[in-house]
Amino acid sequence: MKLAERLSQAIAAGIRRIGQVSIRPDLAGAAYALCHIEDEAADPHSLEIHNGAAAARDISTWAEDGHYRFTKSELSLKRGWILRLSSADELKQALDLFYPAGVGLWMADKDDHLKIEHLRDKLNRQTGMYRFARNLGDAGAQKLVREVCGPSNCCVKKILWQIDSNTPLEDSEASRFDGVVGAFDRQAAIPLLCREACNHFVAEARKASKAENDAKR
Amino acid sequence: MPFTPKPHAALLIVGHGSTENPDSSTPYFEHADEIRNRGLFGEVHCCFWKEEPSMREAGYMIDAEEIYVVPDFISEGYFTQDVIPRELQLEGPTTRRAGKTWHYTLPVGVHSSMTGLLLQRAKEVAPDANPAETTLFIVGHGTGLNQNSTKAIRDQVEHIKASGAGYAEVLDAFMEEQPFIAEWDKLATTPNVIVVPFFIADGLHSYQDIPVLLGIETEPGEAASQREVFRHNPHHLRGKTLYYSSAIGTERHIADVILDQIADFDARLHETR
Chain E
1 MKLAERLSQA IAAGIRRIGQ VSIRPDLAGA AYALCHIEDE AADPHSLEIH
51 NGAAAARDIS TWAEDGHYRF TKSELSLKRG WILRLSSADE LKQALDLFYP
101 AGVGLWMADK DDHLKIEHLR DKLNRQTGMY RFARNLGDAG AQKLVREVCG
151 PSNCCVKKIL WQIDSNTPLE DSEASRFDGV VGAFDRQAAI PLLCREACNH
201 FVAEARKASK AENDAKR
Chain U
1 MPFTPKPHAA LLIVGHGSTE NPDSSTPYFE HADEIRNRGL FGEVHCCFWK
51 EEPSMREAGY MIDAEEIYVV PDFISEGYFT QDVIPRELQL EGPTTRRAGK
101 TWHYTLPVGV HSSMTGLLLQ RAKEVAPDAN PAETTLFIVG HGTGLNQNST
151 KAIRDQVEHI KASGAGYAEV LDAFMEEQPF IAEWDKLATT PNVIVVPFFI
201 ADGLHSYQDI PVLLGIETEP GEAASQREVF RHNPHHLRGK TLYYSSAIGT
251 ERHIADVILD QIADFDARLH ETR
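Sequences listed follow chains E and U, in order.
The first sequence begins at 1 in the UniProt record's numbering and counts up one residue at a time.
The second sequence begins at 1 in the UniProt record's numbering and counts up one residue at a time.
Below 27 Å or equal to it, Euclidean Cα-Cα: the simulated DSSO-like pairs (lysine-lysine) are:
#	chain 1	residue 1	chain 2	residue 2
1	U	Lys100	E	Lys2
2	E	Lys122	U	Lys100
3	E	Lys207	E	Lys122
4	E	Lys158	E	Lys207
5	U	Lys50	E	Lys210
6	E	Lys143	U	Lys50
7	U	Lys161	U	Lys186
8	E	Lys78	U	Lys50
9	E	Lys122	U	Lys50
10	E	Lys207	U	Lys50
11	E	Lys115	U	Lys50
Computed from the model, here is a short list of chain E residues facing chain U with C-beta under 7 Å:
#	residue
12	Lys2
13	Leu3
14	Ala54
15	Thr61
16	Tyr68
17	Phe70
18	Lys72
19	Asp96
20	Ala101
21	Gly104
22	Leu105
23	Ala108
Rather than coming from a laboratory, the hints here were simulated on the basis of the structure.
In this text, a Cβ means the ideal position worked out from N, Cα and C, and glycines have one as well.
Can you build the whole structure from these sequences, using the hints too?
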C-alpha cells in the first residue's frame with residue numbers, strides 16, 4: 001500500500017499530530033487541513049488560509065523571529081496559518097515539507113524496517129572537510145548530544161542511535177525525548193524519529209573534535 | 001524530444017542546500033514542482049547534503065520501486081562522484097538493492113542542452129546589447145582541488161562559441177582561479193559585457209561575492225536573499241556597460257535539462273542491453 005494511503009488510514013484511525021503540526025480531516029472544506037498545534041482551538045477564519053502542498057515550504061522556512069529554520073524539527077514553527085489540502089497525496093507531500101521523510105520513517109519503524117546508524121559509523125564515513133569529525137572522543141560525543149539535540153536545544157526528534165552498538169547515549173533530556181511535542185495522547189501522534197545524527201550535528205562534531213585536538217597540544 | 005512519462009517511477013533530485021540561506025534550495029523545489037505539475041513521474045522528491053531530508057532519509061519517502069536520481073549540480077566532481085554515491089549507497093549507473101532499482105544520471109550542468117539556457121539567459125538580461133559588440137562571461141567558482149568544476153564551464157564556452165550566437169567573445173572566468181572574473185574589464189575588449197554565473201542556486205556567491213569582484217558592490221551586504229542586485233542592469237562601470245544575471249540554475253527550464261539527462265540515461269541503458 002502506498003505511504004499516502006497508509007497515512008490516510010492512520011488519520012482515519014485517530015492520528016492528529018506530527019511535530020508542531022496539527023492534522024485536521026474535514027476542516028475548512030478541504031479533505032485535510034493543517035495548522036499549528038497551538039492554533040487548534042482558534043477560529044479557522046482568523047487564520048491565514050493557504051492552499052496546496054507547496055505552501056508548506058513557505059510556511060516552514062522562516063521562524064517568527066525571522067531566522068532560517070534549516071533544521072525542520074526545530075521547535076520554532078510559526079503560528080497563524082491554515083493549509084488546505086485536497087488529497088492524501090497532497091497531505092503526504094505537505095508533511096514531507098514540514099518534517100522531511102517524517103511519515104515514511106515512522107511507518108518504516110512500525111514495520112521494523114527502519115535502519116538505524118550509530119554515531120561512530122556516521123562519523124567514520126565522513127570525507128573531505130568533515131573527515132576530522134571522526135576523531136571526536138566518546139565523552140565529547142555524549143556532551144555534544146546534550147548541547148545540540150533535544151527540545152532545550154530546539155530539536156524535537158526522538159534519537160534512535162547510540163554512540164556505537166555497545167555504547168548507549170547517557171541519560172539526558174535529549175536522549176529521553178520521545179519525538180512528540182507537548183502533553184498529548186502519544187497514540188494520536190506521529191513521533192519525529194532521528195535514525196542517524198544529522199549533518200548539523202556532524203558539523204558541530206567537527207568543531208568539537210578540533211577543539212579537543214587543540215586542547216591536547 | 002517529448003519525454004515518455006514514467007508513472008511507475010520516482011524522480012529524486014539531489015541538491016546541495018545550505019544552513020545559511022534558503023534561496024540555496026529554492027531552485028531544486030521549483031524544478032521538482034515543475035516536473036510534478038507535468039505529471040511525468042509517479043513521485044517527485046528532493047533531498048540534500050546540507051538540508052533535510054538527507055540522502056539517507058530520502059528512500060523512506062518513496063513508494064516506487066524504480067528511482068531516477070538526478071544530481072542538480074553544475075559539474076562532475078567530489079559531490080557527484082563521492083558524496084552522493086556514498087550517501088545513497090549507489091554502486092554505479094544502476095544499483096539494485098532491497099527490491100528497488102536506483103538509476104544515477106549525470107549532473108544537469110554537463111548536459112549539452114544547458115548551452116541553450118545560457119544563451120537564452122544572456123538574451124533576457126541584455127535584450128538590447130548587440131552580440132557583435134558584447135562579451136559573454138560564464139562564471140564559476142574555480143578551485144585548485146577539482147579540475148572537473150572548471151571543465152564543465154570551459155565546455156559550455158566552446159559550445160556557445162560554436163552555436164553561431166554571434167557574441168564577439170565568449171569567455172570563462174572564475175572567482176578563485178585564473179582567469180579571474182575580477183579582471184572582467186581587462187579580459188573583455190568590447191563595450192558591452194554580460195556575466196552569467198554558472199551556479200545552480202543564488203546565494204552568497206551570486207548575491208555578494210561576484211558583485212564585489214565585478215565592482216557593482218563595494219563590500220558584501222546582508223547575508224540572505226539579496227535579489228536586488230539583479231534588478232539594476234545595466235551597470236555603467238570601468239568604461240563599459242555591464243549586465244549581470246542571476247545563477248543559471250534558477251532558470252525554470254532546468255526542469256527540461258533534468259528530463260533530458262534522464263532520457264539520455266535511458267538511451268545509454270538501452271544501448272548496453
